[in-house]
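Peer 1: Listed here are the chains, written in short residue letters.
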Amino acid sequence: MSMTPRSWILVGLLALLAAVPPVAAYFDAPFYLDLLRRVMIFAIAASSLNLILGYGGMVSFGHAAYLGIGAYAVGVLGYYGIHNGCLQWGVAIGASALVALAIGAISVRTSGIYFIMITLAFTQMLYYLGISIEEYGGDDGMRLKLRSEFDFINLNNETAFYYLVLAILAFAILLVHRLVNSRFGRVIQAARSNEARTRAIGFSPYPYRLAAFVISGALCGLAGALLVNHTAYLTPEFMNWTRSGELMFMVILGGIATSAGPLLGAAALLLLEDVLQGWSLLPKEAVRDHWQLYLGVILVLVVLFARRGLAGLLPGKNE
Amino acid sequence: MNKLLETHQLRKSFGALIATDGVDFDVREGETHAVIGPNGAGKTTFIKQLSGELRPDTGRVSFGGEDVTALASQHRSRKGLARSFQITSIYRDFSALDNVALAVQAHAGHSFRFWKAARQDPLLIEPALKILQSVGLDKRINILAAELAHGEQRQLEIAMALATRPRLLLLDEPVAGMGTDESLRMVELLASLKDSKTIVLVEHDMDAVFSLADRISVLVYGRIIATGTPEEIRANKEVRAAYLGEEA
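Top to bottom, those sequences are chains A and E. Here the first sequence is numbered in our numbering, starting from 1 and rising by one per residue. Here the second sequence is numbered in our numbering, starting from 1 and rising by one per residue.
Treat each hint with caution, since some may be false.
In silico negatives: residues of chain A with every beta carbon more than 12 Å from chain E [as the list claims (entries may be wrong)]:
| id | residue |
| --- | --- |
| 1 | Leu16 |
| 2 | Leu87 |
| 3 | Gln124 |
| 4 | Phe161 |
| 5 | Ala196 |
| 6 | Gly202 |
Label-pair distances were calculated between CB atoms; the ranges are [claimed, not checked]:
| id | chain 1 | residue 1 | chain 2 | residue 2 | range |
| --- | --- | --- | --- | --- | --- |
| 7 | E | Arg167 | A | Gly90 | 23 to 31 Å |
| 8 | E | Ala146 | A | Met142 | 25 to 33 Å |
| 9 | E | Gly65 | A | Glu195 | 40 to 48 Å |
| 10 | A | Asp274 | E | Ala72 | 47 to 55 Å |
| 11 | A | Arg178 | E | Arg92 | 18 to 26 Å |
| 12 | E | Ile87 | A | Ile106 | 25 to 33 Å |
| 13 | A | Ile298 | E | Asp93 | 24 to 32 Å |
| 14 | A | Tyr163 | E | Arg92 | 38 to 46 Å |
Honestly, the hints are just simulated from the structure, not real lab data. All C-beta atoms, glycine included, are put in the ideal place defined by N, C-alpha and C.
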């Protein structure tokens, strides 16, 4: 595999992320460790969405569902005293894949606005299901008693947990990259580009699209398992439709169908959110209450002027 | 000669409009069979029923002796029926090579292969290069399809159809919208395929039709009013009145 300028930049970004814990420790600023771990977890979720939205042309407006399922798998098993990480995360991935299979089996047959609406509707169902189960805290959510337990790593060590998330992020980016350049990935991109032509040369796009949808859901479920360990709090808000919107925002802002896009988008969104909320130059309340408004303006500008998002501004060829 | 493709009493209507009205049509193994007809004669509706994009209301389509009426286009493609489109249909955001390699891939087993880079796979690239060479696009392989000239895009479509190693090529107006030079090159390309392939050619360009076709069927208002050799069609009074006369 030859390295393009783009992939070097991506490797550089990951190396920068790897340098964060010692730097944060030196300046005694653990807050940044926390913030960037959150960025990376959302970058994993956004990468999973990029697979189907960016490369597959399937605009899922319900991707927060898998974030929620992954989180609930960990939280609920923990509630019953099962803290084994391999089991918890395995269930998170497996349950997300199963739900994605069920939702995908119906939604992948549709396209355009119908696809958006069906994925949104299923996610809203899961969201209200989460709210209605009082046993797990209803709409208040509940604390995670213990973080997932592994033999080889202790997640209570914030730095170790940080590096595990970084490793999973690197794996997720590599996985999506390999997938979209494989025969499988060529088919889902072909079906996005020209469906009639894809059928005419002899492909049935449906099983490939469905498989991409399931892989994407499973990967996002893993991000959900990470997220609930990160916040140490389980809440149905993980599945709120605004969360799905944020994931789409990250993918579009970062640059759809690019390897670096989801990471850039997640970083830009969450760091901007942090900066805008704490900005001291403007009257604080006005900014804090309306920071989404500024984000909205930025998104409109990106969609209008930088069609490949932030990644499109990087040197080198668009994929 | 063996009949490769055959339709029996094909009928298709859209509301009150009868687009295909009891068509009996056959294509013999190895021949180039042209379908001509004035605008609105139902040629595209007819070819869509051959390719499987449309189902007839009644009637039968058989291919290679097998009834394929109920099969969708991707399944007919796997049986060896390839189609080019009247309005150029390619992957505009893919390179010329990627376009053809995908068509090769569609007929190289299943594509649930998740890890190996398809662009470096000689099993896809080598046949694709060979086909691009045969249609005269070997110097343009890395150009985005959207950036190819119109004539080159039409050549690319033919290349994609050939890449599926078809038993029958359905070409829907391959010369449409081309300049004189481009259309001459296309006719040359089709003439070079004619000996090795069975072709159904739907075309407006009479020069192309009469120089390429072994047989011609004339479609008017959804009915075939005549089928025969180019000489027979030229001499047919009904055809002249319905169609050729208008052009003369």
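Peer 1: Give a verdict on every hint.
Peer 2: So, going through the hints one by one against the coordinates:
no. : hint                             : in the structure
1   : Leu16                            : holds (27 Å)
2   : Leu87                            : holds (25 Å)
3   : Gln124                           : holds (31 Å)
4   : Phe161                           : holds (29 Å)
5   : Ala196                           : violated (6 Å)
6   : Gly202                           : violated (4 Å)
7   : Arg167/E to Gly90/A: 23 to 31 Å  : violated (48 Å)
8   : Ala146/E to Met142/A: 25 to 33 Å : violated (53 Å)
9   : Gly65/E to Glu195/A: 40 to 48 Å  : violated (30 Å)
10  : Asp274/A to Ala72/E: 47 to 55 Å  : holds (51 Å)
11  : Arg178/A to Arg92/E: 18 to 26 Å  : holds (25 Å)
12  : Ile87/E to Ile106/A: 25 to 33 Å  : holds (31 Å)
13  : Ile298/A to Asp93/E: 24 to 32 Å  : holds (26 Å)
14  : Tyr163/A to Arg92/E: 38 to 46 Å  : holds (43 Å)
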